[in-house]
Structures are given as C-alpha cells and as structure tokens.
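In the working numbering, the protein residues as written are 223 to 489.
Just so you know, the hints here were simulated from the structure itself, not pulled from any lab data. Do not take every clue at face value.
[Said to hold, decoys possible] Below 16 Å or equal to it, Euclidean Cα-Cα: the simulated EDC-like pairs (lysine to aspartate or glutamate) are:
#1 K476 with E466
#2 K256 with E466
#3 K476 with D236
#4 K386 with D376
[What the hints assert, rightly or not] What follows is a set of in silico ranges between Cβ atoms, one per label pair, in the way DEER data are often shown:
#5 N480 with C242: 47 to 55 Å
#6 E417 with D377: 57 to 65 Å
#7 G248 with A488: 40 to 48 Å
#8 K416 with D377: 25 to 33 Å
#9 T289 with D311: 52 to 60 Å
#10 E417 with T372: 45 to 53 Å
#11 C242 with R266: 47 to 55 Å
#12 T442 with A488: 34 to 42 Å
#13 P271 with C242: 41 to 49 Å
#14 R471 with G248: 23 to 31 Å
#15 G261 with R281: 19 to 27 Å
These numbers come from a predicted model, not from an experiment. For every residue, glycine included, the Cβ atom is placed at its ideal position computed from N, Cα and C.
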Amino acid sequence: MTQLHSIASLDYGDGRTCICRICECGKHTCPGHKVPFVGETTYRDEFVPKSGERERAARPRTTVFPTKAEPDHFKTTKEAAAEELKGKDLRPAESYKPRNGPVTQLPFEGTTTNRNDFPGHMPEYNRVTRKQEPIPKLKGTYDTTNRTMTKPIDDLASRGAIPKPPKNFKGGEAERQEVPFDGITSYTADYPAKEVPTTRSNRSTPPPQVLPENRDFQTTNSEAFVQHPFDRSRHICPAACVHERPVSRDGHIKLSVNNIPSGDVAF
C-alpha cells in the first residue's frame, strides 16, 4: 500500500491494480494500446507533388579500365644507350697520363710570372669611416628624483664650496704595516663575565598534576536531546520496485493489491 492512495482507490474491482495507480513520482506509466489513426487529411490536396526534371550530365560517365603499357615505356636513357653499344668491340679511351713505366722525379727549374702579372697592393688604412648621425633628443623631462637631489651637492663640490670627504681610515695597501700590540687593557676588569640565565628549554618542567574529576559537564541541552538511532533507509517510488511482467489486454501492467511494494529501501 502506498502513502498517497488507499486500497479502494487502487483496486480495479478484481483485487488488482497497475503501475499507473501506484506511481508516486509521475514517471512510471503503463504502455497501453496504440490506437490506429482513422482519419483523412487534406495535405496532399493542398500541396500537390511536382515532377522534377533531372539535369543531364554534359559528359557521359565512362569506366576506365587499366591497359598494358607500351613496350620500352619504363626504359631509361642509360639503358637505351647501353643497348646501342651492345655487341660492339670497343677499346677504352687512352689516358693522357702514362700508367706503365717508372715515374722519375725531375727537378723543377722554372720561373713564374704570376707576381709580375699580378703585383700586390697595400691596403688603404686612411679610409674615411662613416660617421653616424646623432639621434635627435626628444622633448620631455629627463631629470630623475636622485639626480635632482644630488645636483646641488655636485655643484658645490665642483666649485669647492664644501670640503672633500675624509680619507679612508683603513688606508691603502702601502700604509698597512703589522705593528706588535704591547699594551694592557682593563676591559675584562670593567666588564666582568656574567652567568647566562637558563633558557626555558633547559629548565626542568615538573610533571603535570592530575586533578580529580569533580566537575559537572551535564547541561540542560544534553538532557533535553534524545538521541535516535540512525535510519539507513530511504523511500523511493513503489512502481520502480515492480519486476517486469507481461502487459494485460487493456494495456496495463497488473499486480495484486496485496503485493504492492512499500518503496522503503535500505542502503
């Protein structure tokens, strides 16, 4: 039995009900019967079909079949030239450099006119270098805050109005000489050493004292709150729990009124 209907409203009169009546979410319905459409339409009278003329192609479609290549179609020029010399008695060309016989090293006694024909020239070192034109200065303010602050000091230093900075106390490398220190100081007598107090980390921490538990943590809220056991169940549509079954004659999926799922599912 569902939460929204009673058995009297679900019963068809024979002790059975269907999915349409036990559904609570509105997403489950019986398939029902498909009623044939018995009617007339004036669509074809209002929109008369027209015969369309298909354009004929300008060139008839032809089927291309592969044919055999002509003889000597794939022959290269090197193969064609070799066939012309095939069967002929050819002797190799004579080399200008004699290959047979000993080669004697002869002294080179000769002069060359290369330096006379092509005398050397000294490079011109006094070539005029190309002068780059200065970039024009654009209009604007080029003074920075640091330059504005240091400009009066630089002007006074250039005129000698302010003294020059003192020399370095360390001096240069030549002024540094290792001189033995023969003196007595009373620093340790004036400032005797003191004992450093122990830090917090060095101090020994006493063990924590265990206090007796005599406090009352009970509140009126905890007394009024009644803890209920956690319910690990939820309610779903009873029609979703119905197993598949055949459709009856009237197009509804019937089931007994006493077998209606409750819809409470544990998770």
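Checked hints:
no.: 1; hint: K476 with E466; result: 11 Å, holds
no.: 2; hint: K256 with E466; result: 20 Å, violated
no.: 3; hint: K476 with D236; result: 11 Å, holds
no.: 4; hint: K386 with D376; result: 11 Å, holds
no.: 5; hint: N480 with C242: 47 to 55 Å; result: 18 Å, violated
no.: 6; hint: E417 with D377: 57 to 65 Å; result: 59 Å, holds
no.: 7; hint: G248 with A488: 40 to 48 Å; result: 25 Å, violated
no.: 8; hint: K416 with D377: 25 to 33 Å; result: 54 Å, violated
no.: 9; hint: T289 with D311: 52 to 60 Å; result: 41 Å, violated
no.: 10; hint: E417 with T372: 45 to 53 Å; result: 52 Å, holds
no.: 11; hint: C242 with R266: 47 to 55 Å; result: 38 Å, violated
no.: 12; hint: T442 with A488: 34 to 42 Å; result: 35 Å, holds
no.: 13; hint: P271 with C242: 41 to 49 Å; result: 43 Å, holds
no.: 14; hint: R471 with G248: 23 to 31 Å; result: 25 Å, holds
no.: 15; hint: G261 with R281: 19 to 27 Å; result: 50 Å, violated
In this structure, the hints that do not hold are numbers 2, 5, 7, 8, 9, 11 and 15, in rising order.
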